[in-house]
Amino acid sequence: MTKRLARGLAICAAAAVLLSLLPFTLSGLNRVTAAQVGLYFIAILGLNILTGYTGQISIGHGAFMAIGGYTTAIMSRDHHTDLIATLPLAFAITFVCGVIVGLPASRLHGVYLALATLALAISVPQIAIKYSSYLGARNGIHLSENVGDMWLYGVAWGCAAILFVASWLLLRGRTGRAFRAVRDSEVAAASSGVSLVLYKTLAFGISAAFAGVAGSLFVMSNLGYVNSDTFSISFSLNILIGAAVAGLGSLWGVAAGAAFIALLPNISDNISFIGTGHDSVVVGIVVIVVVLLLPTGVAGLAHRAVTALAARRARPGGISATEAR
Amino acid sequence: MSVYELLGRLAIRDVGTRRISTGASAPVLGLLVAACIFLTVGSLWSSQFAQLTVSGVAQGSVFASLALALVLIYRATEVINFAQGEMAMLTTYIAYQLTLWGLSYWAAFFATLGIAFVGGVTVQQVLIRPVQQKSIIAIVIVSIGLLSIIDGVVIWIWGGDPKFMPAPFGASVYRVGGVAVSLTDLGTIGVAIGTVLVLWLFFQFTKLGLAMRASALRPAAARLVGVRVNLMLALGWGFATVLGAVAGLLTEPSQFVLTPTMMQPILIYAFAAAVLGGLESPMGSVVAGIALGIFLNLLGQYGGYLQDSALRLPVAFAVLLVVLLVKPSGLFGRAAVRKV
Amino acid sequence: MPLLELEDVVASYGPVKALHGISLSVEEGAIVAVLGANGAGKTTTLRAVTNTVRRTGEIRFDGRSLAREPAESIAALGIAHVPEGRGLFPELTIVENLKLGAYVRRGSIKSDLDRVYAYFPWMGRRRQELAGSLSGGEQQMLALARAFMQKPRLLLLDEPSLGLAPIIVSEIFTIVRELNQEGMTVVVVEQNAHIALQLAATAYVLEVGTVALHGPSEELQQHESVRRSYLGY
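Chains as they are written, first to last, in my numbering: chain A, 579 to 903; chain B, 5 to 344; chain C, 413 to 645.
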């Protein structure tokens, strides 16, 4: 086992322990917030696979969250499906939607792709308004069961853990290499036999599926309620911002990005001069600062810190002759 | 090496060659002529059709203004400014504040244009210049960050409830051969198209305008003849912000209600128009903006199943998506060749 | 004092060094040729002067150091650079290209435009056409006309003969000679050593980023290795 792998596993184990103990120290409401951090974790993870590892921009993943959320809501309201059972269903449905979107999207690049996904993000809520009679419109849909906060925390972070491991396995294998090849040079990838359409569409599907699960969990955390206003465009923007803060192309910062998105509104509410509604200013400033000064995000910062520490430990004199970047 | 640099390499490769755009091709011109004929015939046949067309032109000229701002910035700096709508909204709030402080509407209007210009230059220098060389993703995120900041600042200073601004044109309505044409519509068309025209004259006939065009097209060659390219780009942003301010100020002139979200749908229509016209074609975006305005208006009356006003936005998207998939370079652009 | 002096100039493209310390000097009113094979560093030498490549070392124009001058100030100092690819604006018209050539000048440029149209009647007739629709030879002439509009003291030409038929090439070089006779100092980078040595009085031969030979053209034309490598006999 390599040192890096060992270090990674150690961090994961420590995180797992912390996460299992955390809910017992929090109040009920904070547990819900902590669960939300978990669901954003999943969404950002998915977007990172698409944007960070495969190089495709999407400003529209809120739409997939909406699809997942509505799936859970409708299944629960109409068929009284067990909530946990709706999760794989949401995963599957949004995967298919992601593939459907991904196929034509694989032909677009750069700003055109960004615009197309933005169009997606804004249309989906509008469609929800249009078909409001079935989808509950302004009155919304209520889940048929009540959701306990401990339970929610467990389910959210449980899914997060499962999907994190799944992503890690996926990304270190052949598929992950193919994704990175598409990101780094489409021409080189194509000439090496990597099917651009296949991998881009696959990345879209997977990231959409993750967003779908996150959306389902969100509805559960939102007092079991969803209406046409729930999944606004700010979801799409926030996930992208969270992914940027986390550090695109690396799995390690995702928790920080998720925490940033989920917790900031709550924290800034308590800081008097920022107050309510002004967290968007802070979010904007932070993300711009991150892009300008820390392009590799929190993940990059952590990596640099770890590398610096390791180097200093190797040479007690303090001056490291070779720094691994 | 950071991921942004990796992505940056990808982005550079994805940008096609600069195109020689001499305007529309024959089929597109034919389409435009046919559309004009259709509109004229329809207007003669039904006064309601004529009215819808005129107000469609008015709304469309607002879209055209904002679309032109997007295109100017894109042509010059290859950046899609997702915050353009919010910047327009902010300048409109500034105008509102100026009227509260006692300025007349038109004094506030022109003062706002000046402020918008300075604001645009500042944003370019402070936020965009540092990321211009980075990947598209970095630039997209910065403009989204800016969007977020502006939203927050506006709510912070003015609050989220609707504000009322004096109507610039009054409510009078003229009758032209049985068709009721409101002064507001005429005023909107006049101001928007007038601004576009003034800018066009500037770019075509002045030395500075020529230098700005050169900087957008071939920055390296422009530097060699002594053009201060970075300054030109900053000025480009200034002008684009002015166009956005005009769009913001004209958005609902009959009953001026200011809310923080007022420009969001307009931005989408502007995107649709810009893509439809061709992101690299200023004339295309203006024509497409007006066309979109007319189209959406007519659809609202005669569109059958699609008449629901809640569907205006999705229809605009459908247009955007179809164009992106079928001919991303738009009606007036040439197909970009991908450099290998 | 020479008009242009380079001393120990080192230039790199990222981690790759293209010039390993070259020195050259160009007297006012002269035509100097810079020869060498592909990759020898000829184009990079011109780019070093106009600061369009990262470089260190002494670069002096009329005694004034160019080390810290950004690329966009170079034109105002009196240096015109016609790069590889001609540096035209294909999306703009012929007259717009000419006007941009005169960007750094103040005052009226009309008389100079008239001179250009007198010398190249076809440019006058087609002045509203896009520069991109011109043939290679016409573009090169437009590039030279644009340099003329700038009225520089020093003209840097990068491979003017590239891709052009021999008869056009000699037209181009005639124009260059005339520009020189009007007082413009010229540095021309060429792969076509034969014609370059006919045009220039002095020449530098570069190899792998250093100056291998330099001297009067007649001497170089007789020089053994130059004949074998660049002149073909």
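It is possible that some hints are incorrect.
[Claimed, not checked] Away from chain A, derived, C-beta distances all over 12 angstroms, residues of chain B:
| id | residue |
| --- | --- |
| 1 | V135 |
| 2 | P170 |
| 3 | R179 |
| 4 | L283 |
| 5 | V323 |
[Said to hold, decoys possible] With the Cβ distance kept under 8 angstroms, some of the chain C side facing chain B (calculated, not the full set):
| id | residue |
| --- | --- |
| 6 | E470 |
| 7 | F473 |
| 8 | G499 |
| 9 | V507 |
| 10 | K511 |
| 11 | Q562 |
Calculated from the structure, these hints are not laboratory results.
As the structure is a prediction and not an experimental result, all values here were calculated from the model.
Backbone N, C-alpha and C fix where the C-beta goes; we use that ideal spot for every residue, glycine too.
Now the hints, each set against the structure:
Non-interface call for V135/B relative to chain A: violated, since the shortest CB-CB distance, roughly 6 angstroms, does not exceed 12 angstroms. Annotated as non-interface, P170/B keeps its C-beta farther than 12 angstroms from every C-beta of chain A; the closest such distance is 27 angstroms. Against chain A, the non-interface label of R179/B holds: every CB pair exceeds 12 angstroms, the least being about 36 angstroms. Here L283/B does not stay apart from chain A, with its beta-carbon only about 7 angstroms from theirs, under the 12 angstroms limit.
Distance check on V323/B: its Cβ comes as close as 9 angstroms (rounded) to a Cβ of chain A, failing to clear the 12 angstroms threshold; non-interface status is violated. Taking 8 angstroms as the C-beta cut-off, the interface hint given for E470/C is violated, the closest approach to chain B being about 22 angstroms. Among the interface hints, the one on F473/C is violated; its C-beta lies about 15 angstroms from the nearest C-beta in chain B, farther than the 8 angstroms criterion. Taken as an interface hint, G499/C checks out: its beta carbon lies about 4 angstroms from the nearest beta carbon of chain B, inside 8 angstroms.
With its C-beta approaching chain B no nearer than about 10 angstroms, V507/C sits outside the 8 angstroms limit, and its interface hint is violated. Interface restraint check for K511/C: the shortest CB-CB distance to chain B comes to about 6 angstroms, inside 8 angstroms, so the restraint holds. For Q562/C, the interface hint holds, since its Cβ comes within 8 angstroms of a Cβ in chain B; the closest pair sits about 7 angstroms apart.
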